[in-house]
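There are 4 protein chains.
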Amino acid sequence: MIEFCLVGAGFIGPVHAANVAAHPRARLSWVIDLNLDAADALAKKHGARAGRDLAQALADPSLRAVIVCTPPRTHATIIQAAAQAGKAIFCEKPIDLDLAGVDACADVLSRSAVPFCVGFNRRFDPTHRALHDAIRTGDIGRPEMLILSSRDPEISPPDAVAAMPYGIFYDTMIHDFDMLRWLLQDEPVEIYARTACMLDAKENPHRDPDTAMVVLRMASGALVHVNSSFRSVYGYDQRIEAFGEKGMLISGNHQPTSLERHSSEGTRRDPLLYFFIDRYAESYRREIDAFVEAIEAGTTPAIGLEDGRRALMIAEAGVRSAKSGVPVVMQT
Amino acid sequence: MIEFCLVGAGFIGPVHAANVAAHPRARLSWVIDLNLDAADALAKKHGARAGRDLAQALADPSLRAVIVCTPPRTHATIIQAAAQAGKAIFCEKPIDLDLAGVDACADVLSRSAVPFCVGFNRRFDPTHRALHDAIRTGDIGRPEMLILSSRDPEISPPDAVAAMPYGIFYDTMIHDFDMLRWLLQDEPVEIYARTACMLDAKENPHRDPDTAMVVLRMASGALVHVNSSFRSVYGYDQRIEAFGEKGMLISGNHQPTSLERHSSEGTRRDPLLYFFIDRYAESYRREIDAFVEAIEAGTTPAIGLEDGRRALMIAEAGVRSAKSGVPVVMQT
Amino acid sequence: MIEFCLVGAGFIGPVHAANVAAHPRARLSWVIDLNLDAADALAKKHGARAGRDLAQALADPSLRAVIVCTPPRTHATIIQAAAQAGKAIFCEKPIDLDLAGVDACADVLSRSAVPFCVGFNRRFDPTHRALHDAIRTGDIGRPEMLILSSRDPEISPPDAVAAMPYGIFYDTMIHDFDMLRWLLQDEPVEIYARTACMLDAKENPHRDPDTAMVVLRMASGALVHVNSSFRSVYGYDQRIEAFGEKGMLISGNHQPTSLERHSSEGTRRDPLLYFFIDRYAESYRREIDAFVEAIEAGTTPAIGLEDGRRALMIAEAGVRSAKSGVPVVMQT
Amino acid sequence: MIEFCLVGAGFIGPVHAANVAAHPRARLSWVIDLNLDAADALAKKHGARAGRDLAQALADPSLRAVIVCTPPRTHATIIQAAAQAGKAIFCEKPIDLDLAGVDACADVLSRSAVPFCVGFNRRFDPTHRALHDAIRTGDIGRPEMLILSSRDPEISPPDAVAAMPYGIFYDTMIHDFDMLRWLLQDEPVEIYARTACMLDAKENPHRDPDTAMVVLRMASGALVHVNSSFRSVYGYDQRIEAFGEKGMLISGNHQPTSLERHSSEGTRRDPLLYFFIDRYAESYRREIDAFVEAIEAGTTPAIGLEDGRRALMIAEAGVRSAKSGVPVVMQT
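Chains as they are written, first to last, in this note's numbering: chain A, 935 to 1266; chain B, 935 to 1266; chain C, 935 to 1266; chain D, 935 to 1266.
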């Protein structure tokens, strides 16, 4: 049994907690949160101990792994502490909101030997992975264009937005920036981004971009398009399309049932799954499973710090392009 | 140019008239109908002559072919006259409402050498034909089950129903009875049918069956199911499913556009095509084209009198089963 | 925590065991099987005790519930013992292979107050249930036709077939017989069935029917068709279609991913899920959850002995029709 | 009967000739082509006169309309001659390869009163039009993003490519540039384009761009993405997606049949229609019909010279961006 400490009981925390608890070879031992009530509630549900102080958990010699799902600006400190305590680390994306923070983590991690994994869960989605595998096995020959549509049903609450300007790059499209690297096994050499504020003042009071279109050129010459929105009223829209010399692949959306309703109004299917936690439930399970396996086997987790760093670099360059209105060249 | 006379200006008549008129190697010369106004109107549209008397048209030596789309009980007389005049004959289904009438036609036709074709247009539908060809080329190996769903959006007008009791067998499912023979290249040895009156007294005042389910056993052992309704509010529902040892084929429905509408209510597609003339527009074109080609080439048209007779035999046996409540054995 | 004993470690046993073990308010305490090795292996996986003797488990006062998934002919004895021991009972379908066995169980159960549930898991499938709910809320008005396609990818092993003649009725279509009652809230008054042996002598050495088509007439007048096969090479084909005065509903098949592959050969999707345990994974979870909830709340489980009895009556009548070749009238 | 002269018997010429010939109120009287054999062959098929000299046809007083489908660089001269002869003009896109040519045509047309229509046939495609109408009637509220995928199965022959550098903008995406204006009823204020040569030297010997991605910003703030390729091996891929505050619309691809083939390899559908003339057959019919109606009614055809000019302006700005690597600002 690998014992886990979860840091950050809000939002995505309960998802990871449940997956650890249900894992046959893992156990949730600690839940740490500055909000002790939140920590208590989640800990109780899974028979774990709760606390406000991470140090207390890290001092527990039976603890093997830490899951970091606090707000991004706190990640670096927690990573540093966990690494020094010799615990395996699973960190939610983004590792940090700027590269200096990531580099600080890299420094600490390079001096410890702890397994480290970034939570780019979409790599574990069965359909996205089937698309990935089809590219790798040559189904479409050389990939020439990649198109990612990444639309959230709801913008984050205003305070979260205020804390993370251009969050559509750092929090949402960062998944796509990771996916394009993983799917194409290639790095971007240029990025162009255009954003807009389409939501009204009530939905988006900070007037931070809520809509974006991006074009990237990859080292191989492949062209990539990403589009994103913070208000997709029809549900969580998550599609990837890969076009190549021998064909085209589409990773399509998911619906809760396969029911078709035929009436004089036409044929109707359910709305798309609305909540990212439902859409990617299987991915969240599988990423924890892979992390547990890596710890057990002593192998390097699939998605390392460098992956987190690269995705952040793309996000930063994208923001620079969006602000300046011109393409930004990237070093590979 | 092959000159055609159309007999019967109502209902399906204008469809055949337009297809003949648009055909590069055919011309509509005559339109005959007891209702001279109807004949006139249709003839005028295509530059043809109108009349009430078929004999007048048959006396025209340049006339090569006759299309019969009057009510079924009149078919035999018209076929006889046209055959004696040496004209090629295209006859709408059913050839007659009882086998004696068909046999009378067979007798006349056997003594003349005129090409004769029954209008089982569905054999010419591109999707149904693709299913047919896939069976023939062995895609599903030996066919084991066949399921035909055949649902009309609207019952025929009450007077037509009164004139043709159990019309759901003789007028609608007769298409399916032809399709199952054509698709399986096999004959039924037994039929069981159950019917119901589901429409209300206003829609179906004669309380003639408006809903039916049929099971047939074929000489090969294959099992066939047909279901039919006279009130499919969501459009003209026409599906065929062939199941065999190596796979399964579905000839699906057709929609007027490929537009998908996503909203918080779900994903919506257009209703199915509502009118059989829209759904089978291409089939009607192709069956006339094939008939013209057979006349030109001097070959036997694809769907002969024996096909019309076999489909009617199945309809009759089905009605006997529906009335008696027990399966009816058929001679092959 | 409700403690469970699982009787029957083979086939479906491990599925129920895992669902009980993963349930937050249930625990697997005992696994009983005549094959002690099988019991041991499964018990070990979930931290339960293993044994050959059910009495030993029933004597455990902390045991609250028994899951019966042994072969059907053993169900009655186990149900009787468990009822007398005052344990809640979840029994796999069919309850027994003949009605006398079911009646014996009914007798015992009527004299105890233990909760009893039959494992008609399909009622818990999210899509089938959405179809059920849509009928209940009037989406299609009065239901007029119901069509169930129920095709297994593989026939059971020969010895299982030898032990259960006409198993396609008793083991496979019995699910459909339950579904039609549940979906229509109606009882059949007549059944007609035709079967065939389509598999070759190697696949089906006992020449027991491997293919079937059934038509039922319901008390309401609605018509129902069921078709079934033991060899669906394209996967586990499970569809339900409900046709009514206001529309039509289709509960469609499930595919493991939503990936579309476009090439010069056409558009390809994954094969259907192959294994019933994958297709109905969610149903198996939900039926155990509902059973736990019923025990906790002291309510009657959703699917009682009478449901099991009714489904078996339909199967028996269907077999009689298949054997005699004529429809069989049923008392409601 | 409105009599037509077709100028340019190659490529798209036969499509327009057939649609004019089949139109109930139009007649093809003349076919003009420098290649007299080509003119002869096409004219013969439809009972028209053939010639090499346009002046001869324009001198025919019964001639009412001219269809221009010669190579783009010849359009201006033909338009000028036809306008001076007082004939209605239907001109294939693009009107010219540079704006000066279009302006010269505008000048001539402004001094005559002849009806003039540009052949942006996609506006007449039933599905694209349904998407257009759904936007106009407010189905998705304010449009925020538009994504057009426009992929040809085959690059044009090398000599055509040599004659039209950056033809992917001027010949292919010019359709999309018209569609985005029509769908959004809005004009672009900025365009960014990236191109690539993905085909090998044999397929694309001139190394003219064969792959492109474009992002446009519209006056309303809406963002638009267009992607295009000259080698879509899976057929003619033509999709449009409109995202707005209340929903999303997709105009999907078309397949020749609705057949689904299920096997152990998965579910397979036909390849997409391969040839643009098949995919847009209905659009070509409808645009000629609308042109005939405008002539009859004396109204201005739906797609005027200004539409042709605007689409060309976008193509030119796109080429400038592709060459310079930076976004190009456009005056509205």
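One or more of the hints may lead you astray.
Identical chains share a label here; the pair holds if one copy fits it or two copies do between them.
What the hints assert, rightly or not - Listed below are the simulated BS3-like cross-link pairs for lysine-lysine, each with C-alpha atoms no more than 30 Å apart in a straight line:
| # | residue 1 | residue 2 |
| --- | --- | --- |
| 1 | 1136 | 979 |
| 2 | 979 | 1180 |
| 3 | 978 | 1257 |
| 4 | 1180 | 1257 |
| 5 | 1180 | 978 |
| 6 | 978 | 1136 |
| 7 | 1136 | 1180 |
| 8 | 1257 | 979 |
| 9 | 1136 | 1257 |
Hints listed in this document are in silico derivations from the structure and should not be mistaken for laboratory results.
Keep in mind the model is a prediction, meaning the values are calculated, not measured.
Do the hints match the structure? See the list:
| no. | hint | verdict |
| --- | --- | --- |
| 1 | 1136 to 979 | neither (36 Å within a copy, 53 Å between copies) |
| 2 | 979 to 1180 | neither (51 Å within a copy, 38 Å between copies) |
| 3 | 978 to 1257 | neither (46 Å within a copy, 60 Å between copies) |
| 4 | 1180 to 1257 | between (37 Å within a copy, 28 Å between copies) |
| 5 | 1180 to 978 | neither (53 Å within a copy, 41 Å between copies) |
| 6 | 978 to 1136 | neither (37 Å within a copy, 57 Å between copies) |
| 7 | 1136 to 1180 | between (47 Å within a copy, 16 Å between copies) |
| 8 | 1257 to 979 | neither (45 Å within a copy, 56 Å between copies) |
| 9 | 1136 to 1257 | within (23 Å within a copy, 41 Å between copies) |
Of the numbered hints listed earlier, those contradicted by the structure are 1, 2, 3, 5, 6 and 8.
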